[in-house]
Amino acid sequence: MSDWTETYRPTTLSEVRGNNKARDKLEEWATSWDDHRDAVIVHGSPGIGKTSAAHALANDMGWPVMELNASDDRQADVIERIAGEAAKSGTLTAGESGRRLVILDEADNFHGNADYGGSREVTRVVNDANQPIVLVANEFYDMSQSLRNSCETIEFRDVSARSIVPVLRDICRREGIEFEEEALEKIADDTSGDLRSAVNDLQAVAEDTSRLTVDDIVTGERDRTEGIFDFLDTVIKEAGAEAALRASYDVDENPDEMLNWLEDNVPKDYAGAELADAYEFFANADRWLGRVRSSQNYSYWRYATDNMTAGVAASRREPKGGWTRYGPPSYWSKLGRSKGTRNTRDGIAERIAEREGTSVATARREILPFLSAITHHCKNRERTVQMAATYNLDESEVSFVTGSGKETNKVESIVEDAEERIAETTVEHSGSAFFQPDDADSDGSEDTASATERPDDTDADRQSPASSNESSSAESTAETAGHESDDDQAGLNDFF
Amino acid sequence: MFKAIVSAETLTSALDSVSVLVDECKIHLEEDGLEIRAVDPANVGMVDLSLDAAAFESYEADGGLIGVDLSRLEDIAGMADSGQLIQLELDEETRKLHIQIDGLEYTLALIDPDSIRQEPDIPDLDLPAEVVLEGSDVNRSVTAADMVSDHIALGVDDAAEYFYVDAEGDTDDVHLELTQEDLIDLQVGPAHSLFSLDYLKDMNKAIPADAEVTLALGEEFPVKIYFGFAEGQGQVTYMLAPRIQSD
Chain W
1 MSDWTETYRP
11 TTLSEVRGNN
21 KARDKLEEWA
31 TSWDDHRDAV
41 IVHGSPGIGK
51 TSAAHALAND
61 MGWPVMELNA
71 SDDRQADVIE
81 RIAGEAAKSG
91 TLTAGESGRR
101 LVILDEADNF
111 HGNADYGGSR
121 EVTRVVNDAN
131 QPIVLVANEF
141 YDMSQSLRNS
151 CETIEFRDVS
161 ARSIVPVLRD
171 ICRREGIEFE
181 EEALEKIADD
191 TSGDLRSAVN
201 DLQAVAEDTS
211 RLTVDDIVTG
221 ERDRTEGIFD
231 FLDTVIKEAG
241 AEAALRASYD
251 VDENPDEMLN
261 WLEDNVPKDY
271 AGAELADAYE
281 FFANADRWLG
291 RVRSSQNYSY
301 WRYATDNMTA
311 GVAASRREPK
321 GGWTRYGPPS
331 YWSKLGRSKG
341 TRNTRDGIAE
351 RIAEREGTSV
361 ATARREILPF
371 LSAITHHCKN
381 RERTVQMAAT
391 YNLDESEVSF
401 VTGSGKETNK
411 VESIVEDAEE
421 RIAETTVEHS
431 GSAFFQPDDA
441 DSDGSEDTAS
451 ATERPDDTDA
461 DRQSPASSNE
471 SSSAESTAET
481 AGHESDDDQA
491 GLNDFF
Chain F
1 MFKAIVSAET
11 LTSALDSVSV
21 LVDECKIHLE
31 EDGLEIRAVD
41 PANVGMVDLS
51 LDAAAFESYE
61 ADGGLIGVDL
71 SRLEDIAGMA
81 DSGQLIQLEL
91 DEETRKLHIQ
101 IDGLEYTLAL
111 IDPDSIRQEP
121 DIPDLDLPAE
131 VVLEGSDVNR
141 SVTAADMVSD
151 HIALGVDDAA
161 EYFYVDAEGD
171 TDDVHLELTQ
181 EDLIDLQVGP
191 AHSLFSLDYL
201 KDMNKAIPAD
211 AEVTLALGEE
221 FPVKIYFGFA
231 EGQGQVTYML
241 APRIQSD
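Heads up: the protein sequence lines correspond to chains W and F, in order. Numbered according to the working numbering, the first sequence terminates at residue 496, and the numbering increases by one at each position without gaps. Numbered according to the working numbering, the second sequence terminates at residue 247, and the numbering increases by one at each position without gaps.
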């Protein structure tokens with residue numbers, strides 16, 4: 001029992017159904033190839049005859065075919081060796097004047113390690129080719145721009161039910177199957193534009209019957225993936241809670257991505273209280289996604305999806321209409337853009353955390369804001385210098401905390417002063433390690449910087465808990481010096 | 001039914017000359033010997049091999065067709081020392097090939113021949129020039145050309161009556177002329193074609209240095225490379241499509 005889609009595959013272009021215009025364009029491209037020598041991209045939905053048309057074309061022109069499709073390994077070197085050589089060589093029968101059609105099927109789908117570097121290599125092969133190349137793709141815009149620009153483009157449209165019925169009728173006649181016209185129409189309608197599915201469905205139902213009636217057509221409507229933009233429209237503007245949830249079943253996005261899409265686009269249509277409600281549901285959805293992540297229990301996805309689809313639809317309080325320019329989620333691009341700032345912030349927080357004995361999160365959440373307030377625009381210069389010295393901050397970090405420009409003299413001079421102070425204190429701390437121990441007694445009086453800042457502090461309570469982790473040289477001298485020498489550096493608690 | 005005993009050398013050299021182009025192939029088990037025809041995935045190179053029954057120690061077959069994973073079979077054949085005998089037997093029931101090498105038994109699962117790329121029709125070409133030379137000369141030309149370029153020109157000067165090899169790289173060139181005296185035979189005709197060195201290098205690997213190699217050439221036409229192995233009991237014909245000379 002052979003597959004009818006193979007048995008009845010068109011052998012010449014004239015047998016290719018639907019898409020007459022595209023078909024003629026393809027033929028014209030082939031006949032005039034010697035003049036323009038461009039490759040062509042044939043794109044459109046699955047099952048509408050793109051690959052068949054390419055093969056039929058080769059057959060019509062009498063060109064041997066070299067095909068590379070997704071079932072082959074398509075690493076860069078494989079493409080170079082096979083497609084590259086095929087595109088640069090003549091044929092075995094006619095030598096150099098012979099033409100060969102190179103068909104690169106699923107040129108928009110290069111996935112994973114098996115296809116590593118594939119798409120870039122395709123562009124190179126196309127540019128170096130001496131033979132006609134047809135690139136077959138579903139999603140035109142999934143291919144790189146450089147590739148799209150270097151090729152001609154032919155779009156195949158979905159085959160209308162009106163064009164599918166005659167094909168089915170023809171197959172039935174050739175297979176000797178009696179049929180009701182309505183039965184074929186039903187198949188054609190159910191498959192909505194996908195000719196290959198229609199033929200497969202026909203074979204599935206016709207295999208066991210000699211007469212095909214409408215009642216035999218039990219094959220359900222085929223699943224079709226719905227585009228994300230249509231889905232957004234449905235959820236945000238039209239559907240009720242249940243319909244919105246159902247619409248999400250046909251979308252090819254996982255809940256994390258779907259949430260990003262919805263969350264980014266809902267504010268374009270919702271406002272005020274309904275927007276607040278919608279975000280309440282997004283928050284719920286996000287919480288469920290968090291539970292999925294932490295427990296790895298993916299059955300929770302359903303609650304996330306419930307919230308983000310039905311929840312949003314239910315939040316709608318007034319009818320929405322018109323057309324909205326929905327866009328892809330900005331979540332990732334925002335993360336990408338803010339990466340530098342976040343790194344600076346985390347770098348500072350880490351140092352604060354180490355110094356103050358807190359967690360990084362606490363440093364970031366509870367200490368950094370206070371530091372920012374205290375040193376706002378470096379107005380309190382002394383404190384700012386102190387901070388920079390304590391946490392060993394450089395210009396960009398000082399400017400991050402204070403909000404002053406990084407290149408300004410103000411910030412630069414603060415950092416300079418801070419460095420000086422660090423150098424001073426290091427010498428002080430080394431105390432008796434390098435010099436005679438007799439200057440250890442003067443430690444307290446030398447400590448002018450911090451003494452003036454904290455006039456109420458007594459020697460006894462200077463040892464703040466925050467400054468307990470001091471450099472080891474200080475600790476080693478502490479023993480010989482006999483009293484705390486590490487209190488010249490202000491801890492954060494001293495600020496409050 | 002297929003049952004044969006063959007020396008390891010003969011089997012490996014037969015397999016090697018096919019495996020330079022394809023990973024899988026169909027083997028025709030004819031009454032008077034083996035036949036393999038295959039074309040590489042890019043449709044640029046082709047091999048036609050026959051190994052006469054006389055090349056085997058013993059040979060019995062009645063015209064079957066099997067599909068084989070060449071690298072697997074090569075690995076097994078590689079287990080044998082040169083001079084050792086390899087016994088092959090096809091189990092029709094299980095569609096497996098039993099291989100015996102001095103007590104070592106190996107059962108090789110075969111591939112459905114229908115799943116292997118179709119065998120090419122051998123094009124009937126009228127190639128005007130014919131050069132007969134030693135395998136070592138082919139080797140020398142290809143190796144030298146490979147140092148400077150990725151393609152090579154083969155041609156015959158019909159006025160001065162010599163065979164030449166040209167390779168032009170970005171900076172360096174290689175040129176070799178072989179006159180009537182250097183060659184075993186030369187049939188002069190107009191011939192000049194460009195070929196991919198990647199392919200010629202691979203084909204060269206299968207050509208024994210002491211073999212008599214016949215090259216049939218034309219103007220911008222495929223080259224036919226013909227040589228014998230297993231003391232003349234086996235014949236290999238390679239065909240290679242020319243590179244298009246872009247200007």
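One should not assume that every hint holds.
Subject to a maximum C-alpha distance of 20 Å in a straight line, what follows is the list of computed SDA-like cross-link-like pairs (lysine to any residue) [as the list claims (entries may be wrong)]:
#, chain 1, residue 1, chain 2, residue 2
1, F, Lys96, F, Ser82
2, F, Lys201, W, Arg120
3, F, Lys201, F, Thr214
4, F, Lys201, W, Glu350
5, F, Lys205, F, Tyr226
6, F, Lys205, F, Ile244
Derived by calculation from the structure, the hints in this document are not laboratory data.
Hint by hint, here is what the structure shows:
| no. | hint | verdict |
| --- | --- | --- |
| 1 | F:Lys96 <-> F:Ser82 | violated (25 Å) |
| 2 | F:Lys201 <-> W:Arg120 | violated (27 Å) |
| 3 | F:Lys201 <-> F:Thr214 | holds (16 Å) |
| 4 | F:Lys201 <-> W:Glu350 | violated (60 Å) |
| 5 | F:Lys205 <-> F:Tyr226 | holds (14 Å) |
| 6 | F:Lys205 <-> F:Ile244 | violated (24 Å) |
Checked against the numbered hints above, the structure breaks hints 1, 2, 4 and 6 and satisfies the rest.
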